[in-house]
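Protein sequence lines, in the order shown, are assigned to chains F and P. Each residue of the first sequence is one higher than the one before, counting from 5 in my numbering. Each residue of the second sequence is one higher than the one before, counting from 31 in my numbering.
Once the Cα atoms are required to be at most 20 Å apart in a straight line, the calculated PhoX-like pairs of lysine-lysine come out as:
(1) P:152 with P:81
(2) F:159 with F:53
(3) P:152 with F:159
(4) P:50 with F:53
(5) F:120 with F:130
(6) F:187 with F:34
(7) P:40 with P:50
(8) P:40 with F:187
(9) P:83 with P:152
In silico contact screen, one side only, chain P against chain F (beta carbon under 8 Å); selected entries:
(10) 45
(11) 46
(12) 102
(13) 118
(14) 122
(15) 128
(16) 133
(17) 136
(18) 138
It is worth saying that the hints were derived from the structure and are not from the lab. Treat the numbers as computed from the prediction; the structure is a model and nothing was measured. All C-beta atoms, glycine included, are put in the ideal place defined by N, C-alpha and C.
Next come the chains, spelled out residue by residue.
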Amino acid sequence: MCTGVEIAMALGSAALSGVGSAINQREQQKNNERMAAARNAELEQTRQKNRQLSQQATEIFDQRLAQMSPEQQQQQSSQTENARIGELLTAANEAPAVDTPVSGSAPQLVQAENAKRLGEALTRSKSNATRLGTLGMYNQNMFDNNLATAQAGQKISVPVGFAQSNAQMLPYYQDLAEISASKPMSGIGSLLQAAGQVGGYYAGSGKMGAKAKV
Amino acid sequence: MCLGGGGSNKAAARQAAEAKAEEAARQARIVQGRGNIDQAFGQYNDNFYNKYKDDYTNYYAPQLEDQYKRSVDELTAALAGRGLLESSVGAEQMARLRETLANQKTNIANQGLDAANSLRAKVEQGKNDLYSLNEASADPAGINARAAASSASFAAPQAYSELGNVFASTLSPLLAYQTADQNSLNPRLPWNTGGSVLASGKGQGRVTN
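So that you can see chain P by itself, here it is in the shape it has in the complex (with noise of 0.2 Å):
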């Protein structure tokens, strides 16, 4: 006991120095590795976000533009071919199809700002797991590949719909008017009454023998 006691004191105590400094490195290596999830992560700022939802305003708003465009010309027609282009009907309806232009504008920028969020949560929750698993491994050089990895994943594209007809309720009642003097016995529309213009023989033309 009187020899063997001061051996197995020093390599308790050697025991514990090499527990105490595994656990001061592995505490080290969680901060560590989260410095490099954060890094691999820094992308994902304000500017990222703000892009996206530009982006995705971006994808929407010029098949928001060509629909009014399309549903402009249409009406126009309509209007026109009942005289009421030039009219308080049909100031009302050109306005109310830049109303729903405008409401639609605002609709898309609405979801562009709800999809930056979702996007950021999907983000966070990457970055979280990432986390988790860096305190699980405490490995920083494998959290580092997988960082880069995870947050490369994130800037894979997405499938977006397209829009959908907007200006169809604004434009249904002129629409139904048109089918309506189309199937009509006796119809109005100069674009009824025989085909095209040039087929119903209007206009200016001369026989010559």
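Only chain F is shown next, with the shape it has when bound in the complex (with noise of 0.2 Å):
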């Protein structure tokens, strides 16, 4: 028969016992949670540097998009005819070093003549410097677009690629705060709980009656 001792340690051992593996719980539940926000935090901090990155990449590309809207482009267009023809139409334009042998003694009829048809000849020159020039803007504006568009490539490769070596350096880090957050056990729930069992152990044996009777 258990004596009244008996049963209040067996009590006794038990609830010291639900109390040590309480503790131990709840330690391994902090810890847990501390680990996981110092995993979280690492992960909102690389996520808050690679949103900035993405920010400026995004500002790149929307400042190329813009230039290549059709209103900006067909301005680029026509300043780069304009330019072209320009340049080519100078060219044309270009007084050669020696001029043709026409004496100023030859008729007026003739000096009229040659005027006439020097005059239209550079007309002509003129008008094959304007369509050259009307051609080759395509081939210009492609090029300088295509330049443009490299060079935003460029600046954004190194948001971006700051952005990719940031993800993956994430899971080590993510690892080491882990580590650098989580906090050995106390101690105490696993001490009460082998005190709690070496209680009810005791309870058990009987040894508490046999000393309550002497």
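Fit the two chains together into the complex; they arrive one by one in their own frames, and the hints show the way.
Quick look at the structure:
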């Protein structure tokens, strides 16, 4: 038969073991929460950094895209065409170092005919230069666009590269943060659990009843 | 566990701090390296490409002028030989020669613009290659030396072909006439009638005993 002391001892031991288990569980849970918080903090820090980098890349892209809008392109084409035609007309209009040998004593009619033919020839040359300038505008425009896109791509590659690198490093940072945030168990819970088990064993062994009888 | 835990925590924290510092430094080196590349390539600006275009034009323009001068001389001789120098035919031929000159100058200017674009594309390619290298190495000191070397290589001279005979087509009918006249049994051009004017015996002379 169990004595009252044994029953009390058994109950006390069970309670002690329960409290120890609860403390252990609580400490483990707290630890898990700290580790999860540390991982999340690293994740958030990287996301914050990458958000800024993404914003930089987006701004560069948006700027380039705006330059490709129909209005901007039309304006650019017009400027390119004018510049190219201007260059070519300047070249076409350049007077030669030597002129055609028409003597000043040539009859008025001959001089007038020469001037007329020369004028017509130069008009055709100017027209040719203008048409060539207009034709060249397409390639020039394409070249300028490709160049600007390549340059924008180069600029974008920097924040994108940094963001990729940050993302690649994240798992390692998280692991290290987790290790850094984890705390060892205090041992109180385990101690109480062990004491409870010992108490329970002692209460159940009947030694306490024997002592009480003595 | 109780005793060792604190030590590993500190080691992990230190390792994380070091890794972050190294990554931040690497990214800073990339930014700095790009700055070095941009600085080295700063000489390749609009002025550089404009000068290149002008140099291109200046290389071909004198050749063209020289050809034009010779063509005018040849045409003048051919027209004068036929008595057409001061005629509507002569005026038309001279005007066409001048038109060819103006068109060729236009072409050279156009090619100069395209050549400048081509050079710019090559320079940009070199710059992009260096950007990639910079990101791979993240070593601004090394990339600085490479950028300087690479930018210098773009300044190396390039071989250019000489201008072909651009007035040939304008002169060819008259030159064909001259050749046909020369080969004719009854040539009409004075220099084909018996060699040079001096050799033909025409002009003034005096025989003394």
